[in-house]
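Going down the list, the protein sequences come from chains R, U, C and D.
In terms of full-length UniProt numbering, the first sequence opens at residue 1 and continues consecutively.
In terms of full-length UniProt numbering, the second sequence opens at residue 1 and continues consecutively.
In terms of full-length UniProt numbering, the third sequence opens at residue 1 and continues consecutively.
In terms of full-length UniProt numbering, the fourth sequence opens at residue 1 and continues consecutively.
The set of hints was computed from the structure by calculation and includes no laboratory data.
Possibly wrong hints are sitting among the right ones.
Pairs count within a copy or across copies, as identical chains cannot be separated in the list.
What the hints assert, rightly or not - Derived lysine-lysine pairs resembling DSS-like cross-links, with alpha carbons at most 25 Å apart:
id : residue 1 : residue 2
1  : K342      : K381
2  : K333      : K381
3  : K387      : K342
4  : K132      : K419
5  : K36       : K419
Since the structure is predicted, the reported quantities are computational estimates derived from the model, not experimental observations.
There are 4 protein chains.
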Amino acid sequence: MIPRYSRPEMTRIWEPENKFRIWFEIEAHACDAQAKLGVIPEAAAKAVWERGAWDIERIDEIERETKHDVIAFLTNLAEHVGPEARFVHQGMTSSDVLDTCLAVQLKQAADLLLADLDRVLAALKTRAFEFKDTICLGRSHGIHAEPTTFGLKLAGHYAAFARNRERLARARDEIATCAISGAVGTFANIDPSVEQHVAEKMGLTIEPHSTQVIPRDRHAYFFATLGVVAASLENLATEIRHLQRSEVYEAEEYFSPGQKGSSAMPHKRNPVLTENLTGLARVVRAAVVPALENVTLWHERDISHSSVERMFGPDATVTLDFALNRLAGVVEKLLVYPDNMKRNLDMLGGLVHSQRVLLGLTQAGMSREAAYSAVQRNAMKVWTEGKDFLEELKTDAEVIAHIAEADLETCFDMGYHTKNVDVIFQRIFGV
Amino acid sequence: MIPRYSRPEMTRIWEPENKFRIWFEIEAHACDAQAKLGVIPEAAAKAVWERGAWDIERIDEIERETKHDVIAFLTNLAEHVGPEARFVHQGMTSSDVLDTCLAVQLKQAADLLLADLDRVLAALKTRAFEFKDTICLGRSHGIHAEPTTFGLKLAGHYAAFARNRERLARARDEIATCAISGAVGTFANIDPSVEQHVAEKMGLTIEPHSTQVIPRDRHAYFFATLGVVAASLENLATEIRHLQRSEVYEAEEYFSPGQKGSSAMPHKRNPVLTENLTGLARVVRAAVVPALENVTLWHERDISHSSVERMFGPDATVTLDFALNRLAGVVEKLLVYPDNMKRNLDMLGGLVHSQRVLLGLTQAGMSREAAYSAVQRNAMKVWTEGKDFLEELKTDAEVIAHIAEADLETCFDMGYHTKNVDVIFQRIFGV
Amino acid sequence: MIPRYSRPEMTRIWEPENKFRIWFEIEAHACDAQAKLGVIPEAAAKAVWERGAWDIERIDEIERETKHDVIAFLTNLAEHVGPEARFVHQGMTSSDVLDTCLAVQLKQAADLLLADLDRVLAALKTRAFEFKDTICLGRSHGIHAEPTTFGLKLAGHYAAFARNRERLARARDEIATCAISGAVGTFANIDPSVEQHVAEKMGLTIEPHSTQVIPRDRHAYFFATLGVVAASLENLATEIRHLQRSEVYEAEEYFSPGQKGSSAMPHKRNPVLTENLTGLARVVRAAVVPALENVTLWHERDISHSSVERMFGPDATVTLDFALNRLAGVVEKLLVYPDNMKRNLDMLGGLVHSQRVLLGLTQAGMSREAAYSAVQRNAMKVWTEGKDFLEELKTDAEVIAHIAEADLETCFDMGYHTKNVDVIFQRIFGV
Amino acid sequence: MIPRYSRPEMTRIWEPENKFRIWFEIEAHACDAQAKLGVIPEAAAKAVWERGAWDIERIDEIERETKHDVIAFLTNLAEHVGPEARFVHQGMTSSDVLDTCLAVQLKQAADLLLADLDRVLAALKTRAFEFKDTICLGRSHGIHAEPTTFGLKLAGHYAAFARNRERLARARDEIATCAISGAVGTFANIDPSVEQHVAEKMGLTIEPHSTQVIPRDRHAYFFATLGVVAASLENLATEIRHLQRSEVYEAEEYFSPGQKGSSAMPHKRNPVLTENLTGLARVVRAAVVPALENVTLWHERDISHSSVERMFGPDATVTLDFALNRLAGVVEKLLVYPDNMKRNLDMLGGLVHSQRVLLGLTQAGMSREAAYSAVQRNAMKVWTEGKDFLEELKTDAEVIAHIAEADLETCFDMGYHTKNVDVIFQRIFGV
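Turn these sequences into a full structure, and let the hints steer you where they fit.
Laid out in C-alpha cells, this is it:
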C-alpha cells in the first residue's frame, strides 16, 4: 500500500480513525447488551455512548508505554467517559474487538470493491454495445483465426467480471462475522447474547464458534477471491496491451494532448496503465499464498496470522481498489480503431475464411482430407508468398472443379460470423 | 498424482476410459441436436449411438501418427460407426470437446470430494458429540489458556469443513459449463441450440460466452477453493499432531497391534498420517498459483493453460480426495485420552483459572490493576517455582483481604467454562 | 510428471531401478567403512558387493506386508546376500539412506539439467551470431522503440541462461550432501567416518549436521533455482510467441510440411510449442512455494516434507528437463524472417528514429522542450494520419529552420544503432 | 512495510532522500565520463558536482505536473546547477537511472541483511557453545526419539544461517549491476565507457546486456534467496515456539518483569515474538512468486515489473531486516531451562534408550525380530500404563535371559549419545 497506487476511499478504511470508530462501536454496543442482561449498570452503557471519545495521539502515547493497542484505546476511552468506563470491555478479550473490527473493515472494503466492479461492469457494457457489430479478428495462439466483433470481446470480459462480482459478494458475506466469545471461545465470561446484539448492530452475522479468533479459512477464502478478481483484471489488461501493439493497433489507452510517452522517444504512446495493472494484479495475487498459510493456527490460536493481515489486509484491498478504478477508466476512455481492425482482418488475404472454405468444399462433395489439403496448400502461399487467398483458390483446379466461383466468394462473407452475436449478448446482458 | 497418494475412485475420472466415454457422449448428443436441426441425417445420429465404440490402444496408435488426440479419437470412432461418422463433430472444434469434457471431469471430481467432505463431517460430528463434555485445555500461543472441551475443538473443525462443503458445491456449479461454440466462440458454424442440448444431457449449464475455450477464471476459482479446503485440512491435521506430542499426549492416531513406528526405535508411535496430510495440503495448495496465472490467455485463447491442467487437474483432485479420506479415517479411529487431558489441565497448578480469579477479585472491589498484579505475582511463582496456584493465592495477604477462601475456591470450578457448550453445539449442529 | 512432458533420460533417475541401485551403493559403501572400523567383518562387506542384488517385484511384495520401503529392500537384499546381510545397515536409520539417495538423485537431475542448459546455450549462441547484424525493431511496452538486431535479442537470452547455468551448478553443489548420522544426528550408533567414506564414494560432501534428515533449506534453494530457470525459459518462449503473432511475423516455430495447425482452420500455424513452454514454466515454478514451506520441520524432523518431495522432486525436474529440450529445439529450428523485420521497421514511417531527430535538433541549437514538441507533433501525424515521418519533418518550418535536410536524413541511418553490437557480443561471448 | 515491522536503517534505503542521492551520483558520474569523452564540457561535469542539489518538496511539485519522476528530479537539479544542467542525462534514458538506482538500493539492503545475519550467527554461536553439553530430547514427529544436546540444536540452525549468508552474498553480487545503455540497450546514444565508469564509481559491475532494463532474472533470484532465508528463520522460530509450549517448557522468550502476556489471563507468558516471526516469514516469502512472474517482460521491456518492485522491494527487505533482528534478540536473550529438559528426558521412563537396548540385545545374540518385539512390548507398557521402561525390561524373562542387568543399565547411559558432539561442532564452527 503506497500512495501511488491508493485511493483515499479505501485507505480510509485502514486508517486509525476508522479502526477506533469501529472499536468504539463494538464496545458500546456490547455495553448495551451487558446492561440489558444486568451485568453492568444501564447508566454506564449510556455514559459510554454519550461521552465516548478518543484521541489518536493520546492512544499512541499510551501504547508506547503499555505496548498493547486495545488497552491503550480503552485507557484513553476511560479518560473521556470517566468512572463508568470500568464497565467497558467486561468479559471480553482483545481478539473479540480486533477480529470483529477486521471483519467490519473487510466488509467495508468488499463493499467498495463491489462498487468498483460495478463501475467496471458499466464501462464494459457500454463499450460492448457500442462495438457490438464492429467486426474484428478473433485470434487463437496470437494467430489470426476467424472474425468476431469487438463488442463480443468486451461482453466476454463483462461476463467474467459479473461472475467475480458474485464471488466477491459471497466472500464478503462469509467474512462478515462477529466474535465475542472470550479467551478460548467458550463464553465463560460473557453471555452469547452480547455477541448476538453486537453482530446485529454492526451488520454482521455471529461466528458459530470462534476460539478467541475467527477461523482463518474465512480470510483465506476472501483473499483467494480477490486473487481471482485480480486474475480476470490481468486478463483484460493483457488484451488491451495486445491490441495496442504497434503492429496490431486496434485499440489504445487514451492519450491526452500534451502527454509524453517517453522522455527520450517523442513518438511513443505506451499502454502504461494496463502494464501497470498487470503488475498490480501480481501484487493482489501475492496475498493468496500467505492467506492460505494463515489458516493453520496452533490449538485455539496463535498470533502468526496477525502480521500477515496487518500488511496484506490493506495492501490487497487498496491495490485491487486502485486497479479496478484504473481499469474502469481505461475501458471508459479506450480509443478504438475499427479501420485498423478491418485492415488486420484483410491483412492475410482472406485466410480467416479458411474453415468456411473447407466446409464449403466438403459440402460440395470433397472428402474432408482432400478439402483440407486443398485449402491448406493455398493458405500456405499467403503465409510464404503473400498471395491473396481468394485469388489463389480461384486458380486452383481441384477447388474450382468442386465449387462455383460465386459460392467460393460467399465463403468470404463476414455476416456469416456475426449472425449469433445477439444470442450471446442476450445470454450475458439479458437484452 | 502417484499411486501412493491416490484412490481408484478419483484416478478413474482422469483415466482415458472415462475421458473417451465423455467425448463420445458429447459428440453423440451433439449429433442428436444437429439431426433435430436437420443439419445431419437422423440416421447418422442413431448410428453413432448404436455402433459408437472406441479402443484406447488403437486411438494411441492413430495419435502417434496425427499428433492430435481428438482427431485420433474421431478416426477410431469412425472405424466403428462406419460412413455415417462423417457427420460427427460437424461445426465443432477440438476445444468444444476438450473443455466440455474437462468440465464434466471436474464436476465428477467435485462430487467425489463432496462425498469425502461428508465422510469427514460425519466423523467429526460423531466424535464431537462423543467428547462434548470432555474437558481439556484450551491453548493460545501454545500456552495453557482456559478450559474448553474436546468436543468443542472438533465442533469448530466441523464448522470449517461445513463451510468448505458449501464453497466446493458452489465451485462445482461454477465449473460445470458446456461450450460448443466453434473456433472463436461466435457459433458461426454451429447453432447455439446444440450447445444447449449437450449441456442439458451432460448435466451442465451453458457457457454464456466461450472463445473457443471456457474462460479460465472458473478454473482458477475451482482450484483456489480446493486450496482453501486443503488449508482447513492442514489445520486439523496440525491440531492432532500437537495433541500427540509426547509431552501433551491427549490424542493419538490409531496404532494397530504389531505396527512399527520406527525401525530403529521400537518405542515410537508417530503421527505419520497427519504429518503426511500436512505435506499433501501443500501439494494441493501448490495448484492455486498456476491456476491463477492460467486466467490470462492471449486474445480468444492460447494453449498455455493446457499443460498446467493436464498435470494439476488430476494432481490436485486426486491428492485432495486421498487426503480427505485419510483425514476421515484418522478422525474416526482417533485414540483420545481424557485422563491425560485432565493431567495437563492440572499441570500448572490451576493457572488456567487466573482470569476467573482476576474477575473475582475485581468484583470483590479490587481495582483491575491491583487485582492483575496480585494474580500475576502468584501465577509467576507457579511458572518459576512450580508452586500450586490456589495455595499461593490463599497465602497472599492482599488477596485474602478481599475475597473469602470459599469464593476463591469457586473460581476453580470447571463447570464455569462449559456452561455454554450446548449453545455452540446448537449453532453448529442445529441440535 | 506425465509421459507427454517427460524424457526417459530424466524419468529414469526417479524410477525404482535407479533408486534401489543408489540404496545398494550407500549400504555397501557403509559396510566397507564399518568393516574398516572393525564394527562388522570384512567378509560381510565383501559378500554384500559380491552377492548384492534385488528384485523390484519382490521388494513390492514385501513392502505390501511391512509397509516400510527401506525394510522391504533390506529384506530382499538379505535374500540375495545371505546371513552376512545382518551386518548391513548397522547403526543407520532409514533416513540416512533416503535422504542421501535423494541427494544423489537431485545431483543426477541437476547434471542432466546442466547439459540441457548447454544445449539451449549452444543453440542461442549459434543463432545469435547468425543474426548478429540482422536489424529488427526493439520494442518497449509492445510499441516500436528503436532498432536493435535479432542477434542482440538472442544474445541477451544467452546471457540469462548462462547466469542460470551458474546458479544451477551452485544449487547442485549445495544439494549434494551425504547424511549418515543416526536417529537424531548425533552419531550415537555409527562413527562419523562412515558418513565420510560413503560421501566420497557417492560423489557427495558430508552434511555438517543432519538431524535424521538433511536440512530442507538446501532443497528449497534447489527448487527456487529451478523456478528462476523456468522464469527465464518463459521469458524467451514469450518473446517467440510475440514474434510469431500474425501482425508481427518476424519469426516462427518450425512448421513441417504436412503439419496441421488446426483441425478446423487449415490456414493456421500456431506457436504451440512456446505456448506449451509457458504453461510448463508455471508447473516448475509451482514447486517453489511448497519447497519453501518444507523448510520448517518440527524439532529434529517430521515427515511432512516427504509427500511434497515424492511429487515435486520428479515433477519439477522432469518437466524442466523436457521444457529445456523443447526450447532448445525451438531455437535451433526457429524460422526467422528478416524481410518482415525490415517491413515492420519501416511500418511507422521512420518513427523509430524520433530520438535521433530530437538529439539532432538539440545539437543544432533548439531547446529540448521545443525540439521535443516539434518531433512529437510530427510523430503524432504518423500515428493518426499514417503520414511518413521524414516527409513530415521536412515540411515542418521550425524543424527545417534548425537543421539541414541532409542532416535530417542522417538521423534515419540504421548503422547508428548497431555500432556497438560488437561490444555487447564481446561482453557476452568473450569474442 | 509498516512502521511496526520496520527498522530505520532499512527504511532509510527506500526513502526519497537516499533515492535522489543515488540518482544524483549516477548522473554526476555519467557527466564525468561524458566530459572525458568530450561529449560534454568538463566545466559542466564540474558544475554538477559543485552545485548539484535537490529539494524533495520541489520535486514532488514538479512531478505533479509532469507525471514523470526522473524528469521532475532533473528539472529541480537544473534549478540548482544552472545552464550547465542541459548536459546532464545526455544520451541516457530514465531506466538507466531507475534500474541502476534499484541495483544500488538492493545492494545496500543486502549489505544490511548480511550484517543482520552476522548478528543472528553470533547469537547462535554463543548460545550453542553455552549449551554444547546440555542434554535434551531429540524429537522426531514430535515424539521423543533419542537424546541430543541443546547446543547441537542451535549449531544446526547456525549452519543453516551460514549457508543463507553465502547465498545472500551471491545474490547481492548478482543484483549489483549497472545499466546505462539507452532506449533498447544498443548504446546508440551513449558510449559503453560511460556505463563502465558509473559502474566502478557506484560499486557495481556492468550489465553485459540490458534492454532499457536490467534483466529481471537477477531480481527473481534475489527475492527467491530472501524467501529461503525467511524459511530458515521460520524454522528456528517454530523450534522456539515448540520449546515454549506449556507442557514442554524447555526454553522461553525473555519475559521482562512487569510485562503482560494477556490482558485477560494474568498467568500467560506467550512466545509472541517467534509467532510474529512465523507470520513475517510468510510476508517475505510472498514476494517470491511475483518476482518470478516479473521475469517475463514483453520484447525489450514492459513496465509490469515496476509496481511489484515498488511494493515488494521495500516490503521484503524491510520485513526481513526487522525479522532477523527480532530473531537475533530472541536468541540472545532466550531463557533456557536445562532442568525441564532433564525432566522431559526422564518423562517416558527411559524410552529414549529403546534403540540402545535393541542393539544391546542383538549384540547379545537375540535375533533382530525377537529383540524388537521384546523391546516394543515393554515400551508400550510405558505409553499405555505409565510404567518405568528399565524396570519393565528387568522383569521380562526373555530379556533377562539374554542380557545381564548391569549391561542393561549401561544402555541407559546418556554419554553414549553425546560422544560425537565435538566432531559436529568442529565441522560447523571449525573449532
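Status of the hints after comparison with the structure:
1. K342 to K381: both (21 Å within a copy, 20 Å between copies)
2. K333 to K381: Intra 40 Å, inter 21 Å, cutoff 25 Å: inter-copy only.
3. K387 to K342: Classified as both: same-chain Cα gap 18 Å, cross-chain 19 Å, threshold 25 Å.
4. K132 to K419: Within one copy, since 12 Å is at most 25 Å while 50 Å is not.
5. K36 to K419: between (67 Å within a copy, 20 Å between copies)
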